[in-house]
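Sequences listed follow chains Y and U, in order.
Heads up: the first sequence at position 223 corresponds to 223 in the numbering used here, and the numbers run straight through without jumps.
Heads up: the second sequence at position 63 corresponds to 456 in the numbering used here, and the numbers run straight through without jumps.
Simulated from the structure, these hints should not be mistaken for laboratory data.
Watch out, some of these pointers could steer you wrong.
Cβ pair distances, simulated, as ranges [claimed, not checked]:
id: 1; chain 1: U; residue 1: Gly550; chain 2: Y; residue 2: Asn387; range: 53 to 61 Å
id: 2; chain 1: U; residue 1: Gln533; chain 2: Y; residue 2: Gln235; range: 31 to 39 Å
id: 3; chain 1: Y; residue 1: Glu221; chain 2: U; residue 2: Cys421; range: 16 to 24 Å
id: 4; chain 1: Y; residue 1: Glu48; chain 2: U; residue 2: Asp487; range: 18 to 26 Å
id: 5; chain 1: U; residue 1: Asn414; chain 2: Y; residue 2: Thr392; range: 51 to 59 Å
id: 6; chain 1: U; residue 1: Gly531; chain 2: Y; residue 2: Gln188; range: 47 to 55 Å
id: 7; chain 1: U; residue 1: Cys421; chain 2: Y; residue 2: Gln188; range: 51 to 59 Å
id: 8; chain 1: U; residue 1: Gln533; chain 2: Y; residue 2: Glu349; range: 50 to 58 Å
id: 9; chain 1: Y; residue 1: Lys182; chain 2: U; residue 2: Tyr556; range: 58 to 66 Å
id: 10; chain 1: Y; residue 1: Lys213; chain 2: U; residue 2: Ala584; range: 33 to 41 Å
id: 11; chain 1: Y; residue 1: Pro113; chain 2: U; residue 2: Thr546; range: 51 to 59 Å
id: 12; chain 1: Y; residue 1: Glu221; chain 2: U; residue 2: Gly531; range: 51 to 59 Å
id: 13; chain 1: U; residue 1: Ala584; chain 2: Y; residue 2: Gln188; range: 52 to 60 Å
id: 14; chain 1: U; residue 1: Gln533; chain 2: Y; residue 2: Val184; range: 55 to 63 Å
Computed cross-link-like contacts, DSS-like style, restricted to lysine-lysine with a CA-CA straight-line distance of at most 27 Å [unchecked claim]:
id: 15; chain 1: U; residue 1: Lys603; chain 2: U; residue 2: Lys590
id: 16; chain 1: Y; residue 1: Lys208; chain 2: U; residue 2: Lys595
id: 17; chain 1: U; residue 1: Lys637; chain 2: U; residue 2: Lys603
id: 18; chain 1: U; residue 1: Lys591; chain 2: U; residue 2: Lys637
id: 19; chain 1: U; residue 1: Lys431; chain 2: U; residue 2: Lys591
id: 20; chain 1: U; residue 1: Lys591; chain 2: U; residue 2: Lys644
id: 21; chain 1: U; residue 1: Lys603; chain 2: Y; residue 2: Lys208
id: 22; chain 1: Y; residue 1: Lys208; chain 2: U; residue 2: Lys604
id: 23; chain 1: U; residue 1: Lys590; chain 2: U; residue 2: Lys409
id: 24; chain 1: U; residue 1: Lys445; chain 2: Y; residue 2: Lys208
id: 25; chain 1: Y; residue 1: Lys182; chain 2: Y; residue 2: Lys199
id: 26; chain 1: U; residue 1: Lys588; chain 2: U; residue 2: Lys644
id: 27; chain 1: Y; residue 1: Lys208; chain 2: U; residue 2: Lys431
id: 28; chain 1: U; residue 1: Lys644; chain 2: U; residue 2: Lys595
id: 29; chain 1: U; residue 1: Lys595; chain 2: U; residue 2: Lys445
id: 30; chain 1: U; residue 1: Lys591; chain 2: U; residue 2: Lys603
id: 31; chain 1: Y; residue 1: Lys208; chain 2: U; residue 2: Lys409
id: 32; chain 1: U; residue 1: Lys431; chain 2: U; residue 2: Lys401
id: 33; chain 1: U; residue 1: Lys409; chain 2: Y; residue 2: Lys213
id: 34; chain 1: Y; residue 1: Lys213; chain 2: U; residue 2: Lys637
id: 35; chain 1: U; residue 1: Lys543; chain 2: U; residue 2: Lys587
id: 36; chain 1: U; residue 1: Lys587; chain 2: U; residue 2: Lys603
id: 37; chain 1: Y; residue 1: Lys199; chain 2: U; residue 2: Lys401
id: 38; chain 1: U; residue 1: Lys543; chain 2: U; residue 2: Lys561
id: 39; chain 1: U; residue 1: Lys543; chain 2: U; residue 2: Lys604
id: 40; chain 1: U; residue 1: Lys637; chain 2: U; residue 2: Lys409
Cβ coordinates follow ideal geometry from the N, Cα and C atoms, glycine included.
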Amino acid sequence: MAEDIKLMKGNEAIAHAAIRYGCDGYFGYPITPQSEIMETLMEVAPWETTGMVVLQAESEVAAINMVYGGAGCGKAVMTSSSSPGVSLKQEGISYLAGAELPALIVNVMRGGPGLGTIQPSQADYFQTVKGGGHGDYKLIALAPSSVQEMADFVKLGFDLAFKYNNPAIILADGIVGQMMEKVVLPEQQPRRTEEEVRKQCPWASLGKTSERKRNVITSLELDSAAMERNNIRFQAKYREIEENEVRYEEINCDGADYLLIAFGSSARICQKTIEIAAQEGVKLGLLRPITLWPFPTKEIKHRGNFVKGILVMELNAGQMVEDVRLAIEGAVPVEHYGRLGGIVPDPSEVWDAMKQKLNINICNKQIHNVPELETISEESMQEVISNLNKMTP
Amino acid sequence: MDIKDIIKPENLVYAKPRLMNDNPMHYCPGCSHGVVHKLAAEVIDEMGMEDKTIGVAPVGCAVFAYNYIDIDWQEAAHGRAPAIATAIKRLNPDKMVFTYQGDGDLAAIGTAETIHACNRGENIVIIFINNGIYGMTGGQMAPTTLEGMKTATCPHGRSTELYGYPLKISDLIAQLDGACYVTRQSVQTAAAVKKAKKALRKAFENSMAKKGTSVVEIVSSCNTGWKMNPVAANQWMAEHMFAKYPLGDLKDI
Ligand SMILES: Cc1ncc(C[n+]2csc(CCOP(=O)(O)OP(=O)(O)O)c2C)c(N)n1
Ligand SMILES: [Mg+2]
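Only chain U is shown next, with the shape it has when bound in the complex (with noise of 0.2 Å):
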């Protein structure tokens, strides 16, 4: 067999989405960034709202999320994009409204952003990387750094008696009346991206029926922020970083 038989539709096992297009990306190899954009590329075509959707990009490193999701985008300030996608959806209700986010945008710079547009109810769908670190500024501590993790800036280790504790907000967001559906997955096996495509494509549902936020936590690794190799990384996530943050829903109604 050549290659043009391989190609051949009938022999096509997988794909990349049709919704992600040839720019390189510039995220690190073993980074969970591009898997979650594959998921979501899927999702809103498989909906059918590519030309209805548009997709609210955070300060981190997934700032450039617009290079790679073939729709409507604005690039939000950091932590900002709760706020930005509320008024684009309460101007624009028939469109699908999601904003991408990283523990520091979504859980230090924009806490407040994210409770008020979850207590809100609003009708759209935020997209949480959870990496434990501020993987764009170079591997700060982040809100969610585990007790004893090291970053650039608390390079002896998170001290809970300096620094608090690491913070699981989307327990917080789960307390909230306007939140209807809040889950945490992961994308480090296939197994798990299964998972996390069912919960994004159950968020998204959710926002065109009207029934509040939903915000889908993923459980990252940032193996060059942890300064480890893809496949430690993913091990230490599993041992460490799902202790904290269990995964499966808090929240579904």
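In isolation and in its complexed conformation, chain Y is listed as follows (with noise of 0.2 Å):
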């Protein structure tokens, strides 16, 4: 069969992937930048086809509340929302975490603090990887840098969820969700019956029946003892997630001189980056974390072997550069760049602050071959820019 290629913004591409993933349920609150996810999930109208609930509520606090009712029930359910809305769900994604649900958030993040911008942004880094909510709780996540990630990801956050009952995070940014790139969809899989979710997931609240006690969905446990049990039993899950997930995607690293590292939609401008350096006769590779959490610490730790120095280009102030320092542990400088509040960056800006950062003198001007890189074009990174500049908050 011929591959079933199309042309669409990355938020209409997470909308289409929840469908032919067989997702029971979306649950949302209009926001830009990503409210085309629930628009285009009502355009589709998935319920009259799959079976697939669409719901907007009356707020974000609602939204991942019937994120918790559904997961609860064992279904594959999810959201999404910008910055500020997630804010709001932080009490929510504590509870998921603690009563151990899957689900799926997503968060198309914007320039904060406050109501902000509605520009691209990477300023949720910390409230993602960090915890965000109350409690020693982690989230699975992703961090996608095109439209056919933000596709792929969705099946991935949902098989990792339910892989290790945990909520799992798309995090992606203004760029990606609202650019128009070719993406392949995945093909239609069917919702799971009762009977399956039944079996796939015996906790489910589903209704008492006689070959099992009464299941209860809660994070409440009074006796401290217990409590800390259940918090132990989850850093244990959260060591075997960190053992077995971490994904990450190298460009040009091998004999690399220096190390970009960036997520998302910067990534995607870091690759214009690596050609503008080799004019000037400097191997850059990038280095691209897919899991903001779990982090690639190890990758980067080898990686840091091998590069005189590495600059961390992020849409924010400084905030997964935290998390490559602590990998890197003093072994070689690690320099941050970032634009904030909805800014972006070019790829020439990069160059020249990560040559002032790490001191980088161009003397032999021996220009270097770089693999072919689907970077995001001019054109296309305006087009974003002023369709958002359009839209209102």
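Need the complex rebuilt from these two chains, each delivered in its own frame; the hints are there to steer you.
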């Protein structure tokens, strides 16, 4: 069968991928720059085909609790929002983690703090990987850098969430949400029957049958000793995820003089920076964490042995750079370059910052060949930004 | 007659509902929660819906409701039970879904979730325990606290000037097109218990008949929070709470 290639926005790809995954329910509240996710779902009306429930909730708080209710029944349910809305979801996310429920959350980040801007940002890295809500918990965090990955990570996110009974989050930004690219959507998977759900999730609250005791979905445990045991169990699960689920991409890293580390749309910008640096005879590698948690700590540490310095580029004031420094443990200089408030740097600006911050002197201009990469074109970036400028918060 | 004769099935006049388990209740003596749990358990059993019912417990004194009624449960974040129940019911239309919430949970922190679930006409039952106080956290002011009533956070009595008025949220809900049945009941006498049970049965039946949202408010006493003995608390409730929150159906379509 010929591959079914479509051209669409990252947000639309998430919606189509969710339907095709066999997602049971989506619950959301509109917010730019991700409203196309719910709009696409409402337009396609999957309740008429797969039976998927799509509901516009009264708030992000209600939406994440609807996700809790659905997840507690073992259903594959999801929500999406952007930064201010995801802040509102944090209590619910903590409850999902505490009750060990699988669920998928999408954050298409915009610039903050506060109501901020609707232009792209990556300033919710800390919120995503360091907790966000209360208590010692972790979210499996996936950072897509293309429309294809927006689609692919729906399945990956759900699969990991169900494998570990833990919420997963797709941490995207306004650029990947809004830009149009080619995408191959997955085949339609059927939704699971109740029997299948009961088998896969014997803990689900689907009604007590004579074969089992009642199921209670809760994060409450007033006995401290028992609560500590719960926490120890969570931590053991998190160590297992760290052991098994690290994902990252390396471009041009072998033999590189310096290393760029960036996630999501920043990584796409940095791909172009590699080309620019090559023109000046410097070989740059790019390491792109795909899972922000579990973080590719070991892999970054390993790469640190072979380069003279590292620049972490993020659309924030310096968040992931802290995890990179923890990985590198001072072995080589680690610098940060970021733009804030919705400004997206151009690739040459990143290279200029890198030269300055890492004291890179260009003496022998020897042009390197670089692999052909799918960077984001200047025009499509301009289009994303001007489209967003027409939207309202 | 020794005890063995007394417990012969033919001599049995009353028994613990089959769906109430043996876990010792944490409720204070005199509290209404236990009676309402019993009624819910009886109705679910009598309808033969034990294997199809999912309860959503609140944050409040009834947080441990899931320890007592032998069905599947979900424990909600404070105030969010109607959102959780919405999803459970929409994803499993053949199930019977109810929330069990206090007045702080339902009419303060969870007002938005309550109003919108009712306004969407979710086919769920909301059991609403209005005891005029935050029982669980030690007797602070609730949105339903009566004017002049003393609580830990209004020790000089609720002043409407400072804190507004007792919130008659069931009256508000009755205005919503999605709500099909809104009733206010109590459980302090045998007759009241009987009526409350009938109301619960009707509410649960409505939910399975897809008629919309049914809300059964139970005006309750909290003798510990009110700092009274159980008998005095029930008297005070009949005198003061029923005056502000009159019993009876607010809506039945
Ligand atoms: C987000 C959040 N805020 C506050 C609390 C603390 N808290 C627990 S129960 C409760 C009040 C419960 O009162 P009500 O709903 O009237 O139930 P009752 O105990 O009276 O039955 C509060 C404020 C909490 N658990 N979570
Ligand atoms: Mg109360």
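Here is how each hint holds up against the structure:
1. The given range of 53 to 61 Å is respected by U/Gly550 and Y/Asn387, whose C-beta atoms sit roughly 57 Å from each other.
2. Hint check: U/Gln533 to Y/Gln235, Cβ distance near 35 Å, so the stated range 31 to 39 Å holds.
3. At about 22 Å, the beta-carbon gap between Y/Glu221 and U/Cys421 stays in the expected band of 16 to 24 Å.
4. Under the hint 18 to 26 Å, the C-beta atoms of Y/Glu48 and U/Asp487, about 19 Å apart, fit the expected range.
5. Separated by about 53 Å at the C-beta atoms, U/Asn414 and Y/Thr392 satisfy the suggested range of 51 to 59 Å.
6. Separated by about 54 Å at the C-beta atoms, U/Gly531 and Y/Gln188 satisfy the suggested range of 47 to 55 Å.
7. Checked against the hint of 51 to 59 Å, the C-beta distance between U/Cys421 and Y/Gln188 comes to roughly 55 Å, which is consistent with it.
8. A C-beta distance of roughly 55 Å is found between U/Gln533 and Y/Glu349, which places it inside the suggested range of 50 to 58 Å.
9. In this structure the hint that Y/Lys182 and U/Tyr556 lie 58 to 66 Å apart at CB holds, the actual value being about 59 Å.
10. Range check, Y/Lys213 to U/Ala584: about 36 Å between beta-carbon atoms, so the 33 to 41 Å window is met.
11. Between Y/Pro113 and U/Thr546, the C-beta spacing of about 31 Å breaks the proposed range 51 to 59 Å.
12. Distance hint check for Y/Glu221 and U/Gly531: the Cβ-Cβ separation is about 21 Å, which falls outside the suggested range of 51 to 59 Å.
13. The given range of 52 to 60 Å is respected by U/Ala584 and Y/Gln188, whose C-beta atoms sit roughly 58 Å from each other.
14. Between U/Gln533 and Y/Val184 the C-beta distance comes to about 57 Å, which sits within the given range of 55 to 63 Å.
15. About 20 Å separates the Cα atoms of U/Lys603 and U/Lys590, which keeps this hinted pair within 27 Å; it holds.
16. Restraint check: the Cα-Cα separation between Y/Lys208 and U/Lys595 comes to about 23 Å, which is no more than 27 Å; the hinted pair holds.
17. As the CA atoms of U/Lys637 and U/Lys603 are separated by approximately 31 Å, the hinted pair breaks the 27 Å bound.
18. For the hint linking U/Lys591 to U/Lys637, the alpha-carbon distance of about 23 Å falls within 27 Å, and the restraint holds.
19. As the CA atoms of U/Lys431 and U/Lys591 are separated by approximately 13 Å, the hinted pair is consistent with the 27 Å bound.
20. The hinted pair formed by U/Lys591 and U/Lys644 meets the criterion: a straight-line CA distance of about 15 Å does not exceed 27 Å.
21. A hinted pair counts as satisfied when its Cα atoms are at most 27 Å apart, and U/Lys603 with Y/Lys208 qualifies at roughly 22 Å.
22. Distance hint between Y/Lys208 and U/Lys604 is fulfilled; the C-alpha atoms sit about 25 Å from each other, no more than 27 Å.
23. Of the supplied pair hints, the one linking U/Lys590 and U/Lys409 holds, its CA atoms being roughly 15 Å apart against a limit of 27 Å.
24. Annotation: proposed proximity of U/Lys445 to Y/Lys208 holds, straight-line Cα distance about 7 Å (limit 27 Å).
25. Restraint check: the Cα-Cα separation between Y/Lys182 and Y/Lys199 comes to about 37 Å, which exceeds 27 Å; the hinted pair is violated.
26. A C-alpha spacing of about 16 Å is found between U/Lys588 and U/Lys644, which places the hinted pair at or below 27 Å, so the restraint holds.
27. The straight-line distance between the Cα atoms of Y/Lys208 and U/Lys431 is roughly 18 Å, inside the 27 Å bound, and the hint therefore holds.
28. For the hint linking U/Lys644 to U/Lys595, the alpha-carbon distance of about 12 Å falls within 27 Å, and the restraint holds.
29. Using a Cα cut-off of 27 Å, the hinted pair U/Lys595 and U/Lys445 holds, with the two alpha carbons roughly 17 Å apart.
30. At roughly 18 Å between alpha-carbon atoms, U/Lys591 and U/Lys603 fall within 27 Å of each other, so this suggested pair holds.
31. With a C-alpha separation of about 20 Å, the suggested pair Y/Lys208 and U/Lys409 falls inside the 27 Å cut-off, and the hint holds.
32. Under the criterion of a C-alpha separation no larger than 27 Å, the hint pairing U/Lys431 with U/Lys401 is consistent with the structure, at around 23 Å.
33. The straight-line distance between the Cα atoms of U/Lys409 and Y/Lys213 is roughly 19 Å, inside the 27 Å bound, and the hint therefore holds.
34. For the proposed pair Y/Lys213 and U/Lys637, the alpha carbon gap of about 42 Å is over 27 Å, so the pair is violated.
35. Straight-line distance between C-alpha atoms of U/Lys543 and U/Lys587 comes to about 31 Å, which puts the hinted pair past the 27 Å bound.
36. The hinted pair formed by U/Lys587 and U/Lys603 meets the criterion: a straight-line CA distance of about 25 Å does not exceed 27 Å.
37. Using a Cα cut-off of 27 Å, the hinted pair Y/Lys199 and U/Lys401 is violated, with the two alpha carbons roughly 41 Å apart.
38. Distance hint between U/Lys543 and U/Lys561 is fulfilled; the C-alpha atoms sit about 19 Å from each other, no more than 27 Å.
39. Restraint check for U/Lys543 and U/Lys604: not satisfied, since their Cα atoms lie roughly 40 Å apart, outside the 27 Å limit.
40. Between U/Lys637 and U/Lys409 the CA atoms are separated by roughly 33 Å; this puts the pair beyond 27 Å, and the hint is violated.
Of the numbered hints given earlier, the model fails hints 11, 12, 17, 25, 34, 35, 37, 39 and 40; all others are met.
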